[in-house]
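S.K.: Under the numbering used here, think of the first position of the sequence shown as 41, with each following residue one higher.
Derived from the structure by calculation, the hints contain no laboratory data. Mixed in with the good hints, there may be bad ones.
Beta-carbon label-pair distances, calculated as ranges [stated by the list, open to error]:
#1 A152 with D102: 20 to 26 Å
#2 S146 with G53: 54 to 60 Å
#3 T189 with A165: 36 to 42 Å
Cβ coordinates follow ideal geometry from the N, Cα and C atoms, glycine included.
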Amino acid sequence: MNRRTFARRAQAGFTLIELMIVVAIIGILAAIALPQYQNYTARAQTTEAMNLLAGLKTPVMDISGSDGLKTACSTDAADTTTTPPKAAGALNEANNFTLKGKYVDSIAADAATAGQCKLTATFKATGVNDKLASKTIIFTYKADDASWTCTSSLDLSVRPKTCGEAA
41 MNRRTFARRA QAGFTLIELM IVVAIIGILA AIALPQYQNY TARAQTTEAM NLLAGLKTPV
101 MDISGSDGLK TACSTDAADT TTTPPKAAGA LNEANNFTLK GKYVDSIAAD AATAGQCKLT
161 ATFKATGVND KLASKTIIFT YKADDASWTC TSSLDLSVRP KTCGEAA
């Protein structure tokens, strides 16, 4: 073969080393992106609990003002046979509130502390991001100043900014 034969021959593909470099770069990018994507999905799943709890704020405040905090902070059904008639609790399923979600296992109400109503959303143990499994978000209503506070057992990386305190 002479020089002219080599000069005319064009490269017809990638060398093995070039392909290995591309695979390594893709691996590095995936290693960086995967944890960020997991945090993103966890925050998106947290939004469901926040929305379910936020939907209960107004009924709890309304019923609390007219029928007392203990009635507002319950799952009890209305009872018209009592005197005076008992209003339905804000968390009563007859009020068309969903107390479960795709990621939220349950929402519970607790009026054990005088003047307060705690609404607790508990995430499912499976089918959710590992950072959320069986964790809680708690909205606490204080009747004396009509204020809401949020506490949570979630990691700081996925905890909503409006829910700054740790439970």
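S.K.: Each hint needs a verdict: does it hold in this structure or not?
M.R.: Evaluation of the provided hints:
1. A152 with D102: 20 to 26 Å: holds, 21 Å
2. S146 with G53: 54 to 60 Å: Hint holds: Cβ distance 58 Å, inside 54 to 60 Å.
3. T189 with A165: 36 to 42 Å: Check failed, 26 Å falls outside 36 to 42 Å.
The structure shown violates just one earlier hint, number 3.
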